[in-house]
Amino acid sequence: AQRVTQPEKLLSVFKGAPVELKCNYSYSGSPELFWYVQYSRQRLQLLLRHISRESIKGFTADLNKGETSFHLKKPFAQEEDSAMYYCALSDGSSNTGKLIFGQGTTLQVKP
Amino acid sequence: EAGVTQSPTHLIKTRGQQATLRCSPISGHTSVYWYQQALGLGLQFLLWYDEGEERNRGNFPPRFSGRQFPNYSSELNVNALELEDSALYLCASSRELTNEKLFFGSGTQLSVL
Chain A
101 AQRVTQPEKL
111 LSVFKGAPVE
121 LKCNYSYSGS
131 PELFWYVQYS
141 RQRLQLLLRH
151 ISRESIKGFT
161 ADLNKGETSF
171 HLKKPFAQEE
181 DSAMYYCALS
191 DGSSNTGKLI
201 FGQGTTLQVK
211 P
Chain B
126 EAGVTQSPTH
136 LIKTRGQQAT
146 LRCSPISGHT
156 SVYWYQQALG
166 LGLQFLLWYD
176 EGEERNRGNF
186 PPRFSGRQFP
196 NYSSELNVNA
206 LELEDSALYL
216 CASSRELTNE
226 KLFFGSGTQL
236 SVL
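Residue numbers (the numbering used here), protein chains in the order written: chain A, 101 to 211; chain B, 126 to 238.
Extracted from the complex, chain A is given alone in its bound form:
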């Protein structure tokens, strides 16, 4: 079954601490992985995609096919990083238009 698992509902860290938001997936094909973020009172928006291999707002994520993971990392958390983060997966070999989302993790960065 196709599934995205974000094991933590809430992750609370202090400003300046490293952050790792976990994402594991179950998919038999060739997946494309994404991280979407929703800041307070804002719309859900794309943060980054694994195929871009980019760093956005200091966040990076590496696709580990052996561990079927796509964890989101940032070395030094900022208060403005507080938001809801969703990991999502799509079929990389055929365009179905469908994204499978995890349940989301709320990141709380304390001052």
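Not one of these hints is a red herring.
Okay, the calculated beta carbon distance ranges per label pair: (1) B:F185 with A:K165: 29 to 35 Å; (2) A:S126 with B:E209: 24 to 30 Å; (3) B:S236 with A:A117: 35 to 41 Å.
Subject to a maximum C-alpha distance of 30 Å in a straight line, what follows is the list of computed DSSO-like cross-link-like pairs (lysine-lysine): (4) A:K210 with A:K109; (5) A:K122 with B:K226; (6) A:K109 with B:K226; (7) A:K157 with A:K210; (8) A:K157 with A:K115; (9) A:K115 with A:K210; (10) B:K226 with A:K173; (11) A:K165 with B:K226; (12) B:K226 with A:K157; (13) A:K173 with A:K210; (14) A:K122 with A:K157; (15) A:K210 with A:K122; (16) A:K165 with A:K122; (17) A:K157 with A:K173.
No wet-lab data here; the hints were simulated from the structure.
Even glycine gets a Cβ: it sits at the ideal position worked out from N, Cα and C.
With chain A's structure known, arrange chain B on it following the hints.
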């Protein structure tokens, strides 16, 4: 650029009624996606429209339907409403035939009483 717009913001219906939700994509985007975000269930893929055609649908009953108009705006219709249809319905748009980057609207909160 103007973002994805959805209307109404809130909708209250009673069980058995029909609900119509509307979405206008970003200018230049031809694909429209609908997602349901029910409490505790996360975002669930509902429908995908592109160039006026339904391209894919999620695991939802046929009473969830929709359409896309020539101007690429879209409607989601939910017939015979049930209590468990209460959810936030999100619309997203993207450039043609790709979900590499979705732009989401603010959603319509549907409450079924």
